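A.B. asks: Same order as they appear, the protein sequences are chains D and C. Numbering-wise (the numbering used here), the first sequence opens with residue 1 and increments by one. Numbering-wise (the numbering used here), the second sequence opens with residue 1 and increments by one.
For the record, the hints were derived by calculation from the structure and aren't laboratory data. Bear in mind the structure is a predicted one, so any value in this text is a computation, not a measurement.
Derived coverage of chain C by chain D (criterion: at least 3 residues anywhere in the stretch with Cβ under 8 Å from a Cβ of chain D; other residues may be distant):
1) 42 to 56
2) 199 to 212
Taking lysine-lysine pairs in the DSSO-like style, the calculated list, with each CA pair at most 27 Å apart, reads:
3) Lys47/C with Lys144/D
4) Lys318/C with Lys297/D
5) Lys392/D with Lys167/C
6) Lys47/D with Lys144/C
7) Lys342/C with Lys318/D
8) Lys390/C with Lys169/D
9) Lys130/C with Lys214/D
Non-contacting residues of chain D with respect to chain C, defined by C-beta distances greater than 12 Å in every case (computed):
10) Gly88
11) Glu94
12) Gly143
13) Lys169
14) Pro175
15) Glu229
16) Ile236
17) Glu245
18) Lys318
19) Gln320
20) Phe325
21) Gly326
22) Asn334
23) Lys384
Here a beta-carbon is modelled for each residue, glycine too, at the ideal position from N, C-alpha and C.
There are 2 protein chains.
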Amino acid sequence: MLAEIITIGDEILIGQIVDTNSAWMAAELNNIGVRIKQISSVSDDKKHILTALAEASKRADIILITGGLGPTKDDITKKTIAEYFGVGMVESKEALDNVIQIFSRYNRPMLDVNRLQAQIPANCEVILNKNGTAPGMWFNEKGKIYVSMPGVPHEMMYMMEDAVIPKLKSTFTLPVIIHKTILTVGEGESFLAERIADIEDSLPPFIKLAYLPKLGSVRLRLSGYGEDEAIVKAGINEFAAKIVERVKNVVAAEEDIPIEKAILNYMEQKGLTLSVAESCTGGYISHLITQHAGSSKVFFGGAVSYSYELKEHILGVKSQTLEKFGAVSEETANEMVTGALKNFKSDFALAVTGIAGPDGGTPDKPVGTVWIAVASANKTVVKKLTFGNKRKQNIERSAISALNMLNTLLRESEKLQ
Amino acid sequence: MLAEIITIGDEILIGQIVDTNSAWMAAELNNIGVRIKQISSVSDDKKHILTALAEASKRADIILITGGLGPTKDDITKKTIAEYFGVGMVESKEALDNVIQIFSRYNRPMLDVNRLQAQIPANCEVILNKNGTAPGMWFNEKGKIYVSMPGVPHEMMYMMEDAVIPKLKSTFTLPVIIHKTILTVGEGESFLAERIADIEDSLPPFIKLAYLPKLGSVRLRLSGYGEDEAIVKAGINEFAAKIVERVKNVVAAEEDIPIEKAILNYMEQKGLTLSVAESCTGGYISHLITQHAGSSKVFFGGAVSYSYELKEHILGVKSQTLEKFGAVSEETANEMVTGALKNFKSDFALAVTGIAGPDGGTPDKPVGTVWIAVASANKTVVKKLTFGNKRKQNIERSAISALNMLNTLLRESEKLQ
Chain D
1 MLAEIITIGD EILIGQIVDT NSAWMAAELN NIGVRIKQIS SVSDDKKHIL TALAEASKRA
61 DIILITGGLG PTKDDITKKT IAEYFGVGMV ESKEALDNVI QIFSRYNRPM LDVNRLQAQI
121 PANCEVILNK NGTAPGMWFN EKGKIYVSMP GVPHEMMYMM EDAVIPKLKS TFTLPVIIHK
181 TILTVGEGES FLAERIADIE DSLPPFIKLA YLPKLGSVRL RLSGYGEDEA IVKAGINEFA
241 AKIVERVKNV VAAEEDIPIE KAILNYMEQK GLTLSVAESC TGGYISHLIT QHAGSSKVFF
301 GGAVSYSYEL KEHILGVKSQ TLEKFGAVSE ETANEMVTGA LKNFKSDFAL AVTGIAGPDG
361 GTPDKPVGTV WIAVASANKT VVKKLTFGNK RKQNIERSAI SALNMLNTLL RESEKLQ
Chain C
1 MLAEIITIGD EILIGQIVDT NSAWMAAELN NIGVRIKQIS SVSDDKKHIL TALAEASKRA
61 DIILITGGLG PTKDDITKKT IAEYFGVGMV ESKEALDNVI QIFSRYNRPM LDVNRLQAQI
121 PANCEVILNK NGTAPGMWFN EKGKIYVSMP GVPHEMMYMM EDAVIPKLKS TFTLPVIIHK
181 TILTVGEGES FLAERIADIE DSLPPFIKLA YLPKLGSVRL RLSGYGEDEA IVKAGINEFA
241 AKIVERVKNV VAAEEDIPIE KAILNYMEQK GLTLSVAESC TGGYISHLIT QHAGSSKVFF
301 GGAVSYSYEL KEHILGVKSQ TLEKFGAVSE ETANEMVTGA LKNFKSDFAL AVTGIAGPDG
361 GTPDKPVGTV WIAVASANKT VVKKLTFGNK RKQNIERSAI SALNMLNTLL RESEKLQ
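With the rest of the complex left out, here is chain D:
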């Protein structure tokens, strides 16, 4: 079963927002065995939307549309879809009740434009929007399903989970798609490929292997397609096991999770705890960790020590160390990680201090200079890394490098026991 996603809105095409909806929707659809053929972002322009709908309907059985359903004048999706199907607009009692209820809940007067939100194409079935005034719309025309949803992520997500996914499952008999991902750290894409070349060559036609490189890691993704779930699953598991066996020295997880989640899972299982001391990463490592449910079982928290003051008073970095070697130095990184271990009372800690840029560099410490320390009660590892001059990249790379170093220290500590 094939689907296409069409996102409507100039804000994506001028780069003002990143389209995060499509990836989320694609993952949800893949879970129920629907493959995405194409994702297209088009402008708030009638002709362009009509063309996109026509093109998508030639390639796919399910067309999911997001965006352009707001109450304001630049939003034209609803009328354009009505024109596409050659139907008029009607007022939906269900959608109107929802709008009225939302306004009364927030105790605000309802405007004329809000009432217009209950106008829908005559051939559609309303999908209730519990989180907003724009109704979702489900169309079943000539054996194809079209669904139009708001572009506001949480409104779209609730609709997908509550209504669209269950309705798709009951409308179609869906094939099986199974993905399995292996997270590796510390080895380049081409070296991995060389090491598993013979396994890759022996893959049956219903299994595909993809390499997904990302800062500091490469994910290997096996995808199996078929009708018999047991056969597809057995094939995927067989080849995943072969690959893991071959490259196990660089495998951080056997599922599609990021490195910090692999660390959290490992530490939780071993009953270990973690704290952090972040300077140039500015809370990004803490954020990566705490976005995961259950992280509080492992993660105590930490300090975002941008100022000297915080480095000294929370982490106990000596003022002489800061004066003599500077905030970005091996000595400071060392004292930061030791301070975190001691003051926050965790089993492991990591510390990062560096010059994220774009300003603040000096000849001997250029922008992109970063010191990372990871430590347990028994061992401390400190490393200097040199990145470029792009701030966001330096923050991301520092964070991933620190997590990779922590992962290595954790696995080494296990071997020593």
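For this one, chain D is given, so just place chain C on it according to the hints.
C.D. replies: Using the frame of chain D, we list chain C on its own:
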């Protein structure tokens, strides 16, 4: 001048990664007066790529392609483009030298697959990749420009900035596109629209207004199109000024920046400093702030206090308060913000404590319960908010709400002076 972006890779279509490249590229192209007609994500499938190229070339003058240039077998972009143009492959000395240089820099042996990266379609001009082994490729065929770049964001970004943007500027005479964005907080989309309806109705045909709602804020974007930069700019400025004058009570910034950047700019200008105490937001607010260059002038840092231990020892929250009222309470939020002000010695502070979920809720404190406090030496405001049960959303909404509260306190403090 119209462009299209085609991103190639199954990882986007199965939702494994979010396509952040397209938004970045779109913003860069808009800056030089190139409008994006469509963004399409297609699979690593020859026929599908050929169709996408043909469709895009019918609509646009510039076609930018990213992804599918890795050394591994699932990457087929290069060969497919050669087939599209009906040319063979040749080895590029320039690209080969680059590959050799990169491997010698990292002191790693070069594999056969790496040498293959220097193979390029015979009709292309190489764009040097300083950050990786896959060359960029520039094609000028039948009056249209095609550019193929790697999907790895930092490789693509360097190529765009260093080569593609300058080459496009020298190849085409580009029209003028000017965007101006006004950031508003605390008023819904339809209420804003009602307040400025007459201004919107009086817009000249070359200016478009769009409403971009996002958690807690609505951005109003004016876009002007034309040939005479002075005329377009004057029109945009005139109508932007009218809108700002009308809704100034909710305007947080008159440029396209997020709320935390508006706060940083305001505080830097006033010589004010900030620290934070984050529990359920887990470092996300610190990360939002520190991703901006120059944030260290305003931001001292703070604590990510996930454990009771850290709340007590770094922030000075009393253990009796935690025992009697719990970590998620008005009293704890109050002591956290007071502790941050005192211990981190900043002029303003904010504190967030809540139950991000999906677990950890109780009947009287369900998942999504969040207490936020913002404070200066003169005034503390504490507020309870109730969100849903989705962890990431709760983190984001808590962060944005805290920043909006801080923004309000800052503006109020100014009036009192």
